[in-house]
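On the provided structure of chain A, position chain B as indicated by the hints.
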Amino acid sequence: MRGSRLLRKEAFEGYAFISPWLVGFICLTLGPVVFSFLMSLTQWDMINPPKWVGAANYAAIFADDFRFRQALKVTAIYAAFAVPLGLVCSLALAMLLNLNLRGMRTFRTIFYIPAILPGVAVSMVWLTVFRPHGGVFNSILGWFGIPPVSWLQEPQWALPSFIIMSLWGVGGGMIIYLAGLQSVPTQLYEAAEIDGAGSWTKFRNVTLPMISPTILFNLIMGVIGSFQVFTSSFIMTQGGPAYSTLFYVLYLYQKAFRYLQMGYACALAWILFAIILALTLVVFKSSARWVYYEAELKR
Amino acid sequence: MRGPNGMPLILFSLLCATALALSGCANKVAAPVTAIRFTTWANDVEELRIRRLIARFEKQHPGIKVEMEITPWSRVLDKLMISSAGGRPPDVTRISSEWFHPIAAKGLLEPLDQFVKRDNYDLEDFYPQAVEGWGRHKGVLYQIPTDIDVHALYYNKTMFDEHNLPYPDWSWDWDKLVEVAKKLTKDTNGDGRLDQWGYGLDFWWQGYVYANGGAVLSKDLTRCVLDRPESYEGVQFMADLVNRYRVAPSDQDAANLGVIKLFTSGKIGMVISGSWASKLIFSQEIKDFVYDAAPVPKGRAARATFIGGAAYAILARSKHKEEAWEFLKFMTGKDYMRDAALKSHIVPSRRSVAESGAYLQLDAPPEHRRVFLDLIRCGVPKPGVACAQEMDEILNNRMDLVRLGKRSAESVCREVAPVIDELLRHQ
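Going down the list, the protein sequences come from chains A and B.
Residues in the first sequence are numbered from 584 upward in steps of one, following the working numbering.
Residues in the second sequence are numbered from -10 upward in steps of one, following the working numbering.
Read the hints as simulated data drawn from the structure, not as lab findings.
Hints are all accurate, no fakes.
Quick partial rundown of chain A residues pointing at chain B, CB under 7 Å, derived from the structure:
hint: 1; residue: M629
hint: 2; residue: I630
hint: 3; residue: R714
hint: 4; residue: P715
hint: 5; residue: H716
hint: 6; residue: S733
hint: 7; residue: Q736
hint: 8; residue: G823
hint: 9; residue: P824
hint: 10; residue: Y826
hint: 11; residue: Y842
Pair by pair, the computed Cβ-Cβ distance ranges are:
hint: 12; chain 1: A; residue 1: F813; chain 2: B; residue 2: V22; range: 40 to 48 Å
hint: 13; chain 1: A; residue 1: K656; chain 2: B; residue 2: K208; range: 30 to 38 Å
hint: 14; chain 1: A; residue 1: L668; chain 2: B; residue 2: Q273; range: 38 to 46 Å
hint: 15; chain 1: A; residue 1: I660; chain 2: B; residue 2: G181; range: 32 to 40 Å
In silico lysine-lysine, DSS-like type, Cα no more than 30 Å apart, as pairs:
hint: 16; chain 1: A; residue 1: K634; chain 2: B; residue 2: K308
hint: 17; chain 1: A; residue 1: K634; chain 2: B; residue 2: K310
hint: 18; chain 1: B; residue 1: K395; chain 2: A; residue 2: K656
hint: 19; chain 1: B; residue 1: K68; chain 2: A; residue 2: K634
Glycine is no exception: its CB is placed at the ideal position from the N, C-alpha and C atoms.
This is chain A alone, in the form it adopts within the complex (with noise of 0.2 Å):
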């Protein structure tokens, strides 16, 4: 009897420690969810009282919403291009970094910066960066005498643009590289010297493995990211010229906040959690045959 008193007592002590972290998530994250679902199957211009169309949202968007199709194919597109190139280039970068010179840590710090950054201020620079006449890339192209490219202005080379961009970021996957890449046992590489192992080899053979759970991480990550690109289409372009740069995200926004239409962003938002979640979990399913765990080989 005193012992169940006894574990009442510390539970209830348990859960006051831990409410207010409870609390916080009951009303600002689990309350916020489970009212965006209800919201989607409404009509809701955040003025008037919503009124109930059940599933007629996501039926509009899937039966003839151009926006949407130009939305995910736009978001598709840049995360096909700029997911990859972001991986390979922040890896590379990083292997750069953890090499043993002068100065190493002030390098570091340098390539780190742009990744905190705020994304108003990088979208202002960049938008210097891509000018017609005078910005830096025309400029530079200038002296291969290669004529000036109308990078945010022209259709066809908007989204290209926002992918060259994407490269701004990747000192945020490099600092995670980098304390994968230092994880990595010496002895590794030692003995794969012994047994003759070149550069390229012990790259392939043991740095790869090694960081494989890294890579995983850095490709979640940049998956999800990307599909939730905003600040820079909002501040640089709008999702113009001719909606070649309408991220998903940002016609959310439109639809929620400039047009109105509650419902029918809280339903693109379902969406697009639909489409990252399946993303995620192929990501999953499938590092079990190319992500190596050295705690599962111990088993």
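Relative to chain A, chain B alone:
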């Protein structure tokens, strides 16, 4: 924290505040003062002007106090929406014609017809284009217009003189525009690239549609009629100015500075822009040439120009509508407009003020200011549909393709018309 006698500090301070408030009331012998909240956007000049008017209004109406809330132009719509949703909107607000119809369609504004009728308000003094354009929505009067923004053809007089060309006037049509613009377009530094243009494209592509005898929507506002030849041929003319006649900078050429900056830096001979631009932009940016305003050229069928502006409205959820109407009457009166014309060079929506010296005899360029008043009758306001903003955004994105010369106006307009039809059905 604790106050005296161990009372919680908050409770103590509340008590003090109540006591203070009570003693304040006791001094004035129960003169009930109603505070109304008024939202507007304003630059420094305008803020000072409005504050002075409010002081005069409060003197005339001791029972009403006006709290002015200044919000940037681009945020007023959000503010109205959010505060209405939250149940505490302002009582009176200034509204731009850009977002009037969406707001009115949401039922946020109080109908004014009964007030106007009861007080015999002199609505006849106002330009009908303004009252119909952004005063009424679906036949109901929701706001009283104050400022008019009407677009005219600004031209660089000095550049015209240097080239010995006649100034634009009422006889000009599109052919004449192209003919003169060609003579002004050149490569001045010989690097093989144009750096001076006769004309610059304004953002309002709709103007070319209306001038060509076409329209964006049908008269009953239920269908998009851009797919008719008279409509899309107007759009095509606009694109031709860039891609065929090559008398206007392309989007790429204008990307660095923007068309207006190109004009104020003397690189463009003619540009269509709003009446407000002379005071707010040109007076600061134009240093080394003389400019003037002229009528927009006549298209193949008509002369059409942009008209829009600002107005005052009462929020439907206001609890002090009578006081709000008193204030609204004052703010749309002749004093207000005379003041706005004199200090901010705004085209007044009251004909009696517009035609007076207060506006016409301002001592500042453009010399032929009258053109703005004469162009009001050619003004085409934004169509009165709830989805106006979404529609414009879709259309603007499609028109990018035409202006860039990627596709013909005909194919784009034929493709986009059903999309707009669908949007109109579901608004």
